[in-house]
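Sequences are here, hints too, so could you generate the full structure?
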Amino acid sequence: MPGRKLVVVRHGERVDFTFGDIWMDKCFANGGTYRKHNMNMPDVIVKREGLPKTFHKDCPVTQVGFLQGKLVGKGLLQEDILRPGFEVYVSPALRSIQTAIALLKGMKLPDTVLKVEPCLFEWTGWYGDGMPTWINNDELVANGFNIDVNYAPFSKAGTLEVNESVDKYFNRTYDFVKKALDSSGNDILLVAHGSTLDVATRQLLGFPPRSVEDMLRVLHNVPYAGVAIAEQSEVNKTWSVSKPGAMTMRHSSVTDFDASKTFAC
1 MPGRKLVVVR HGERVDFTFG DIWMDKCFAN GGTYRKHNMN MPDVIVKREG LPKTFHKDCP
61 VTQVGFLQGK LVGKGLLQED ILRPGFEVYV SPALRSIQTA IALLKGMKLP DTVLKVEPCL
121 FEWTGWYGDG MPTWINNDEL VANGFNIDVN YAPFSKAGTL EVNESVDKYF NRTYDFVKKA
181 LDSSGNDILL VAHGSTLDVA TRQLLGFPPR SVEDMLRVLH NVPYAGVAIA EQSEVNKTWS
241 VSKPGAMTMR HSSVTDFDAS KTFAC
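With full-length UniProt numbering applied, the sequence shown covers 1 to 265.
Pairs of lysine-lysine residues, derived as DSS-like cross-links and limited to a Cα-Cα distance of at most 30 Å, are as follows:
hint, residue 1, residue 2
1, K5, K105
2, K168, K156
3, K243, K179
4, K74, K5
5, K5, K70
6, K243, K5
7, K178, K105
8, K178, K168
9, K237, K115
10, K57, K156
11, K5, K108
12, K156, K47
13, K74, K108
14, K179, K74
15, K115, K74
16, K108, K243
17, K168, K243
Everything labelled a hint here was simulated from the structure, so no lab data went into it.
Shown next, in the form of structure tokens:
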């Protein structure tokens with residue numbers, strides 16, 4: 001019988017890294033009304049207080065990012081990775097929440113509720129100049145997201161230490177993972193950030209936290225919508241990372257194309 005699983009997924013492609021922070025100036029230039037200027041941008045933007053400024057550091061995923069999440073969900077379903085009744089925890093970052101929604105659509109489980117957990121946010125050492133303003137549960141529900149509004153997070157929004165050490169990042173994530181695993185016997189799905197795949201599993205596997213340099217080295221090898229599957233042995237209850245099987249994904253990159261310029265000479 002397969003052992004219990006902890007599946008960790010990175011969010012899909014993000015708008016700001018794809019188009020630069022100038023995307024907000026371009027898309028909201030028309031009196032604050034959103035208008036996409038590239039086919040890979042969201043058709044509809046999430047409504048939230050303070051937009052577009054609140055999208056700074058908390059941007060949505062691209063169309064490709066949503067597709068990446070959906071493909072991961074299809075893979076999890078086809079490979080029968082997660083047992084029925086699995087629980088879903090997400091980082092408060094909008095890109096992670098949207099990826100989780102896409103993933104569950106790919107699994108044909110769109111009604112599964114998401115538990116928003118601030119402890120799953122990425123390393124705050126990248127946010128020395130200020131943390132993001134996350135979209136709150138009421139706004140998420142108003143936008144049609146299926147959020148568990150009764151979930152009491154391990155760490156409340158606004159309580160994360162800004163500019164924390166890497167050791168603290170590893171430990172706060174691991175402390176949450178232990179709590180989530182201890183709270184039920186179900187499989188667990190985490191949708192968060194690139195570093196989370198390693199940070200959420202490393203100490204579970206019996207290894208110490210990494211240094212900053214080592215964490216960054218590992219992070220650079222984790223693609224958008226990357227997946228890590230940790231499985232617990234039914235015999236000795238130890239954890240190991242499973243081979244992905246068909247859960248890998250490859251696609252080529254595409255940039256803006258203007259035929260009038262390409263064929264002009």
